[in-house]
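Here the protein sequences come in this chain order: U and W.
Those letters in the first sequence? Residues 1 to 455, per full-length UniProt numbering, in order.
Those letters in the second sequence? Residues 1 to 939, per full-length UniProt numbering, in order.
Honestly, the hints are just simulated from the structure, not real lab data.
Ideal placement from N, C-alpha and C gives every residue a C-beta, glycine not left out.
Each hint should be verified, as a subset may be incorrect.
To spell it out: a stretch of chain U is covered by chain W in this simulated footprint if at least three of its residues, at any positions, have a beta carbon under 8 angstroms from a beta carbon of chain W; those stretches are [said to hold, decoys possible]: (1) 54-65; (2) 134-144; (3) 209-221; (4) 259-269; (5) 288-298.
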Amino acid sequence: MIGGLFIYNHKGEVLISRVYRDDIGRQAADSAVFNSSGPLLEERLRNAVDAFRVNVIHARQQVRSPVTNIARTSFFHVKRSNIWLAAVTKQNVNAAMVFEFLYKMCDVMAAYFGKISEENIKNNFVLIYELLDEILDFGYPQNSETGALKTFITQQGIKSQHQTKEEQSQITSQVTGQIGWRREGIKYRRNELFLDVLESVNLLMSPQGQVLSAHVSGRVVMKSYLSGMPECKFGMNDKIVIEKQGKGTADETSKSGKQSIAIDDCTFHQCVRLSKFDSERSISFIPPDGEFELMRYRTTKDIILPFRVIPLVREVGRTKLEVKVVIKSNFKPSLLAQKIEVRIPTPLNTSGVQVICMKGKAKYKASENAIVWKIKRMAGMKESQISAEIELLPTNDKKKWARPPISMNFEVPFAPSGLKVRYLKVFEPKLNYSDHDVIKWVRYIGRSGIYETRC
Amino acid sequence: MTDSKYFTTTKKGEIFELKAELNSDKKEKKKEAVKKVIASMTVGKDVSALFPDVVNCMQTDNLELKKLVYLYLMNYAKSQPDMAIMAVNTFVKDCEDPNPLIRALAVRTMGCIRVDKITEYLCEPLRKCLKDEDPYVRKTAAVCVAKLHDINAQLVEDQGFLDTLKDLISDSNPMVVANAVAALSEIAESHPSSNLLDLNPQSINKLLTALNECTEWGQIFILDCLANYTPKDDREAQSICERVTPRLSHANSAVVLSAVKVLMKFMEMLSKDLDYYGTLLKKLAPPLVTLLSAEPELQYVALRNINLIVQKRPEILKHEMKVFFVKYNDPIYVKLEKLDIMIRLASQANIAQVLAELKEYATEVDVDFVRKAVRAIGRCAIKVEQSAERCVSTLLDLIQTKVNYVVQEAIVVIKDIFRKYPNKYESVIATLCENLDSLDEPEARAAMIWIVGEYAERIDNADELLESFLEGFHDESTQVQLQLLTAIVKLFLKKPTETQELVQQVLSLATQDSDNPDLRDRGYIYWRLLSTDPVAAKEVVLAEKPLISEETDLIEPTLLDELICYIGTLASVYHKPPSAFVEGGRGVVHKSLPPRTASSESTESPETAPAGAPSGEQPDVIPTQGDLLGDLLNLDLGPPVGGPPLATSSVQMGAVDLLGGGLDSLIGGPNFVAPPAAAVPPNLGTSMGSGLSDLFDLTSGVGTLSGSYVAPKAVWLPAMKAKGLEISGTFTRQVGSISMDLQLTNKALQVMTDFAIQFNRNSFGLAPAAPLQVHAPLSPNQTVEISLPLNTVGSVMKMEPLNNLQVAVKNNIDVFYFSTLYPLHILFVEDGKMDRQMFLATWKDIPNENEAQFQIRDCPLNAEAVSSRLQSSNIFTVAKRNVEGQDMLYQSLKLTNGIWVLAELRIQPGNPSFTLSLKCRAPEVSQHVYQAYETILKN
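Bound-form chain U, shown alone:
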């Protein structure tokens, strides 16, 4: 299990260090001559801490693996802005769990004090220690749901002195119970919920316009302000469900078949009853209060690719490149795409660029080695074009320019996967509000993920 957890700043200075197991740095201890236990622990700790700094943070090369083994000690690290979080172990731990835990740790910290920065960490170090004490015990991750943690973490949390006995046991049963993510007795005057279907569409296209790979990874984020312990049921146009239901009338199947989508795989927040999904493919749950990610999914079939990029790169002699890029929008003309940005990479030895574009603004950014073309809005079924002349400095570098792909960013008000929310039903048997009383909002946003066309 996790033997210790360290947080470093970009200089490699330790901001937080919490050791759970004695074996960290045991190697160093064995070789040490002196035998008093006090300084030894410190010594070992420092060894482990230094080993990571020297070998990873200050390493000359790019990091080659997020898991590093130094002197039989394994270091797992993730980086958030310029803060390094490192988990250390000497055992054969569950590696996936350690990373999941580190991410969760980041989420929890972000939920408490916002951005993870050196300043924020220093400002909240007592809180972090308290959190670390609670969410990891002897290196075993314990409950890490922010909602539950907020009920009993003393730093900036609820004042525990004034808790009654009932409150205390309520906390503990919630922290350990089946519904660890929601506390009882939540009341809202207005029961309201928001569903955001957020998709990122990824594409890799060959210069000839052949789709090499494309997939949509989507998330359904729910923000709920519901009273009591509401039982929710979520439905979407999942092909498997639609076909199962549509068996009765063939007509309906063919009609809805068009609108349903094939989901390759999906994962759910821990509040969703997985066994029920497995057997009936229905998504039922009691949601945490506030915002959470209900599900993630991935689709690869029948994706609506909102834009098509047609590149044309011509090398004119050794010192000149001519680039022409056409983008075509491919969705309903009534919809508007926003924040469109096309990034055309230029060689390192570029000396000057002339750009002409029909729409939006284009600029050569020398520091990024790219021409960045921005268009604020673009309706569906339209086309636009940019052409550029790139002057090159002559070099004697033998190696050819690698021609990185042209990438694109955008945002569209629909789900490129074709996913539609069919319903979200709410039942709260104990309180007297019904499904109809709940105000529901649904929004679809499709964004570009890695949307690249090779040139």
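Starting from the known structure of chain U, arrange chain W on it as the hints suggest.
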């Protein structure tokens, strides 16, 4: 309010100030002070001096302050064990606090304090907490048992905590169950034999129920524990699988991977004919692909695991090639792993796409990645025959880029392509040779040298090319040296006439001027092969190579099976068993996949046998270049050479031709001489595989002989002539190696050290093959026995008598000279048996004036015995005739310098005198051969 101000107190007298603040009456001030103390602790300052003051703050009902103090205690209790006792009372009291949060906090913290005295006090509170009414306390206490076990395992057993912990598996609260499982699993790991977890269908059922209800982390603990269970039959395995599959949709990747582990493991027990088996296979693919949309670090863990899964069950992901295409912005570690999996999934169906991708990657920036991409193209060529041509042309395109590392990598893979498809792509050799100069990496140089050696007959200037490498022989890496040695020997065997010098040069570089035992051994083997029987050498060195298999870099099947049991863990990330990176006894239990149950065995068809089964279809793995033995056996020896080494007359003629016409005349004196045995232990032949034993049969002639006659030691240098050093000795020849067995006796009153030995030039070029090694100083009246290996590659000068050897021995006192006569039979080589026809022709060919006749008197042996006794000294009976009651033995022998001696031995039954007629092109030796006969027969 911010905490960062606590970090800034660095002024002097800080400890003193803190002390005052800690003892303040105001709660707020105390709290602030403790925070400052903890801040100092974090940045590594020693604040242990404040121990008593901080402990004093412990008795408070303020939970916030209490937590801070506990934090301090965990850090410093160990350095102040005596004072830590002060805290015990508060701990014990806190364990009884009405607030469950405080009870849990106390028991949790106490477990973290690794001080023996405190541990004793921990037992009672822990016992109570394990049975606490509040689940939060129980779940904390469960982990505390594991903590205590880590400190004092015996105590945990004695106090019966293990049983209580087992009871908690049936707890009503899922988190308590999960923590109890985690604690028990950890404890069980250090007691591999104990049946601590005692998993049975009932307890498994409880775990599966808890699985649906506990936190994501708890699910991981339970799944990891389930993976250690072996169901009793396939039905049970299936029912567990059914209850585990829903976990594949969990948002937590670790839950998914642990579920995959359970399924992969239990699948082993399911029959492939089962519908459920197919369903399960289909269910596994999507979640694995989904893992690739996680954060990059998790992607890396997932990819390392997928790499294993793809090797174990390629069918799961065979249609998912595209998701492993590399994205431009992937971190390099993700790119490299994806590439690995792409190669594994490449098949005829998707090869066009894969190749297009790989070509794209080969133009990227990162050197490692580009190299791997180039290598992958080669692997594709080997794996998918239909694509080989396209791959080769892609590689040639890449070579044209002249980017140094691309060229080198391409050459390395082309070597393998040549081996996979012999006589197909050799036309590209010319292009490769153009790039010879740009190769600066050992692997590429070695590959190029291999190509030159292997195709020497097609490359006109092969000898020049190889010679150019030879110049800097000693600066090359071992890999290149070995390859160069082999390549030149190949070249020699293919073009013997022009390359003798070259081969001589490389053999002497390898055997005499190198410190590397592998290189020397290989050099000796070749040398000996060439000197004894070049035809056999040809068969061995130029033997047809086994085709290399399609799959490469596979993990060895038993290791793979073990790693499958470790899916999700570090072992699966490192692709090493835990014992390779975990210290001590923990986690070193070897795990293995469950065997398939009997019911399904019969229905299994051969082509669906699991990869781990010991079937003949197991793919060979291309040995890595570092694997020298494997390299030697596979590349150079190929299939074992069968049959007796010297079979037909034509073979023998060839041998004579090659040696006589080529080397003998060229070098005149000694040429290929069997090297000393020091490098080749005689019993090696039996202990190694058939390939090697055959090799040694070649050199030891008949193979059953142990060695020639050894005369008793005689005094060569009396003590009075050498200031107290007495040397006696004799010569031996055993399995092709000559040695001088010396006995040094110190008859002086002073200790002798620094021994060295040197020979004067002599008729047969005898020279020490190793320095004289007397390990310890020789004290007065002490005797040492030394066997000094000799070779016959020293300088040659004809001596009178012919077998005279002048020796100089040096020690710390002086240098002494003596001369001795060696029996000629130590120079008789093991392949001195001449073919009959050859014998006849040679006999006629040698002029009669070269014939010498001798009488051997008083020898009571019969023809049979004579023949066998002589044979053990390498005098071989070629034929036997009975003429008028007399036995005529026709014998042949060969000296180390290639001189043949033919003999006719006439034995009359009843007459102890034999007549020996010797015929030789160098009649000077006859006299000494006669003496050898005498000594051998009469002793």
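Right, here's what the structure says about each hint:
Using a Cβ-Cβ cut-off of 8 angstroms, 4 residues of the stretch 54-65 of chain U lie near chain W, which meets the minimum of three, so the contact claim holds. With 7 residues having a beta carbon nearer than 8 angstroms to a beta carbon of chain W, the stretch 134-144 of chain U meets the requirement of three or more and the stated coverage holds. For the stretch 209-221 of chain U, the stated coverage by chain W is satisfied: 4 residues place a CB nearer than 8 angstroms to a CB of that chain, which reaches the threshold of 3. With 6 residues carrying a beta carbon less than 8 angstroms from a beta carbon of chain W, the stretch 259-269 of chain U meets the three-residue requirement, and the given coverage holds.
Look at the stretch 288-298 of chain U against chain W: 4 of its residues bring a Cβ nearer than 8 angstroms to a Cβ of that chain, three or more, so the hint holds.
The earlier numbered hints are all upheld by this structure, with none contradicted.
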